[in-house]
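Student: In case you want the letters, here they are:
Number of protein chains: 2
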Amino acid sequence: MNDAEIIDQPARTEPGEVGLVEPRDFVSIESFLFESGQSLAGFTLRYETYGRLNTAKDNVVIICHALSGDHHCAGIHSLTDRKPGWWNNLIGPGKAVDTNRFFVLCSNCLGGCQGSTGPSSINPATGRPYGVTFPFVTIRDMVRAQKRLLDSLGITSIYAVVGGSMGGMQAVQWGIEYPAFVRRVLAMATTARESAQGIGFNEVGRQAIMQDPGWNNGDYAKSGGPRVGLAIARMMAHITYVSDASMDRKFGRKTVKPKVSALDSMEGIPVAPVAQPASYTFDMQFEVESYLRYQGESFINRFDANTYLYITRAIDHFDLAAAYGSLEKAFEHVEAETLVVGFTSDWLFPPQQNRDISLALLRTGKRASYAELDTDLGHDSFLLESEELYALVRGFLT
Amino acid sequence: MNDAEIIDQPARTEPGEVGLVEPRDFVSIESFLFESGQSLAGFTLRYETYGRLNTAKDNVVIICHALSGDHHCAGIHSLTDRKPGWWNNLIGPGKAVDTNRFFVLCSNCLGGCQGSTGPSSINPATGRPYGVTFPFVTIRDMVRAQKRLLDSLGITSIYAVVGGSMGGMQAVQWGIEYPAFVRRVLAMATTARESAQGIGFNEVGRQAIMQDPGWNNGDYAKSGGPRVGLAIARMMAHITYVSDASMDRKFGRKTVKPKVSALDSMEGIPVAPVAQPASYTFDMQFEVESYLRYQGESFINRFDANTYLYITRAIDHFDLAAAYGSLEKAFEHVEAETLVVGFTSDWLFPPQQNRDISLALLRTGKRASYAELDTDLGHDSFLLESEELYALVRGFLT
Chain X
1 MNDAEIIDQP ARTEPGEVGL VEPRDFVSIE SFLFESGQSL AGFTLRYETY
51 GRLNTAKDNV VIICHALSGD HHCAGIHSLT DRKPGWWNNL IGPGKAVDTN
101 RFFVLCSNCL GGCQGSTGPS SINPATGRPY GVTFPFVTIR DMVRAQKRLL
151 DSLGITSIYA VVGGSMGGMQ AVQWGIEYPA FVRRVLAMAT TARESAQGIG
201 FNEVGRQAIM QDPGWNNGDY AKSGGPRVGL AIARMMAHIT YVSDASMDRK
251 FGRKTVKPKV SALDSMEGIP VAPVAQPASY TFDMQFEVES YLRYQGESFI
301 NRFDANTYLY ITRAIDHFDL AAAYGSLEKA FEHVEAETLV VGFTSDWLFP
351 PQQNRDISLA LLRTGKRASY AELDTDLGHD SFLLESEELY ALVRGFLT
Chain R
1 MNDAEIIDQP ARTEPGEVGL VEPRDFVSIE SFLFESGQSL AGFTLRYETY
51 GRLNTAKDNV VIICHALSGD HHCAGIHSLT DRKPGWWNNL IGPGKAVDTN
101 RFFVLCSNCL GGCQGSTGPS SINPATGRPY GVTFPFVTIR DMVRAQKRLL
151 DSLGITSIYA VVGGSMGGMQ AVQWGIEYPA FVRRVLAMAT TARESAQGIG
201 FNEVGRQAIM QDPGWNNGDY AKSGGPRVGL AIARMMAHIT YVSDASMDRK
251 FGRKTVKPKV SALDSMEGIP VAPVAQPASY TFDMQFEVES YLRYQGESFI
301 NRFDANTYLY ITRAIDHFDL AAAYGSLEKA FEHVEAETLV VGFTSDWLFP
351 PQQNRDISLA LLRTGKRASY AELDTDLGHD SFLLESEELY ALVRGFLT
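Note that the protein sequences, when read in sequence, are chains X and R. Mapped onto the UniProt record's numbering, the consecutive letters of the first sequence carry residue numbers 1 to 398. Mapped onto the UniProt record's numbering, the consecutive letters of the second sequence carry residue numbers 1 to 398.
Calculated from the structure, these hints are not laboratory results. Heads up, a few of these hints could be off.
Under the rule of at most 35 Å between Cα atoms (straight-line distance), these lysine-lysine pairs were calculated in the DSBU-like manner [as the list claims (entries may be wrong)]:
1. Lys254/R x Lys257/X
2. Lys254/X x Lys366/R
3. Lys250/X x Lys222/X
4. Lys254/X x Lys147/R
To be clear about the criterion: a stretch of chain X counts as covered by chain R if any three or more of its residues have a C-beta under 8 Å from a C-beta of chain R, and this derived list gives those stretches [what the hints assert, rightly or not]:
5. 190-198
6. 202-216
7. 235-241
8. 303-317
Only a predicted model underlies this, so the values are computations on that prediction, with no experimental measurement involved. Ideal Cβ placement from N, Cα and C applies to all residues, glycine included.
Isolated chain X (complex conformation):
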């Protein structure tokens, strides 16, 4: 990979959009020592970039993804792609993260399952997927792996690192781990310390996966595995990403017609063959059920169950105060200016947990601010259309 390749961005297909993008692979051939003490001989990170790296190489914006996200955060992979990258509303020419100005880079995290090395990757020593023999991954490991990718591109400073949820944890960790490297940290809907409730929900999801006979101690074929357990984990997790109000507005108590969709026969989620009155059934009856089953179904077709275990555990382990002695000590060497954004209806990473990050930075004498956006869309607010959020991001990056 050289600079000429990096700046060789594809032409935009329409104004305001990133357009066609192609993922690339960074292969690190140096061994990597995980926080756990385990190591790998090397690793791959799949990533995408949007915009052009300027000659001073000082216009780099790093995007960090959340639990179920990946490197594809903007643009489309083909002209027939119906869905752009997951943060396409935020990133693009003239958008809040302006690709006319910034060179935006996003990589699938270490331990992920979308092209980066993770438990579903082949262990060269055995010729089979690592499964649960893959080293344990922490948020810090993810950041340190990303740093190697940036080093390989000759990048010596980051204009800003931006992320929400687990991406926000990485953004904050970036500022701690590489203080001289990071000029701005923008973290949203996140925390400096995973809560007991958060660990609890993660644990229920993991149990759903690990108790599924298809899990088989993490040893399963790509097409198989604990599909039912993973779908159930995702259905539950999805509820925690939204809000009571948004679910009520979107679905309320609306019912579906019996046998209304192909979901009835979705693999791994068969319906119960119960002979009961149509209006009284354990089968899908409310729209919200149909929606959650769809969430489960689409997830099992794109996500690896072992990665789900590894990444939720990485989140559980995230506790900056414990890792560094205190939040103030964690932030002692931070040089970046930090903006943390909380969302009033986020009950997974409530506003207070976001505010606490900024407050600790301020107590440590750092440049930090906190913004709270009033929304009733829950944790996923950071991913959704919001002129207020766009203005905040744009302002912070200017």
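Here the structure of chain X is known, so what remains is to put chain R in place on it, guided by the hints.
Tutor: Only chain R this time, still in chain X's reference frame:
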């Protein structure tokens, strides 16, 4: 069952406590028509009573239980019982629901699994458990079955009906269904309309059960069944009964010592045999995980999975406005004075949903009030020690 039996209460073992109690069975030999149109030739309700029925038979307080509750709400079953009934803190001589004054009755709901007729009962036509051939049960069905029990005891009016969560739904339904019969309704931590979020959580729990191969379309032996699925459903549900704050106070991020308890080998919840550093494991590592697993384990040993399906579906179906045309129409004939109590930290049945019941009653010209208790203990607040709650209940019943 005659009156002499009813007033023949066991002696108290210590002052202030209900003491030893014995469950009884009411057997209805008339056929019962469910709202679904299905019917049973008869049914049994298991119940307990505390205090003495006065000669005017006008001191009856009915307690309605929540999803996982039963008829045993106060006292102990033997002198070695370590745990009294689930609402023992509220009910007893001199307590908020004063058994020196009231004749308190609580029955396991129709469709339940603690002695009342439900899906785990034997279908006399087949000699096997009903399983999912059991008729669908609604909150109104539960109330109508309880009414038969009261009729059999010669009771012609209820001083008060008291319940929280699903018990609150029943309490409100009592006032609607038998207006001339019910003088007071006291409903807590409840709703007049199950929300999309509530249906969503219930659906995830049902899927965990129904996708467990042990469920076998509802046909399983008492000792077997979908133990893993039921444990997962319960673990998740338990998180919704408490709060972020209470979990953080109780568990925070405290860890357990490896192999610390018998839970490691709990049936249905085996641990993953993963060779990883001790501080990085998918095995139980945080106290909150140990606690949730314990919740799952104790639940599968006392609860029937099919009943879990039936009762969650009954809750999903609860929507008074839809059933009667509007909340005002639902409450049109109510004669009872009603108190609804909401808890600030209850995110399963948030304060607003409780307040809405009282507001609709007031709009309909009924005697109603609403009290909101400031607590950070979540939905289960109604079950927990609270002098404020006791004072409210005592005041309302005086």
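Student: Hint by hint, which ones does this structure get wrong, listed from lowest number up?
Tutor: Per hint list: single violation, 1.
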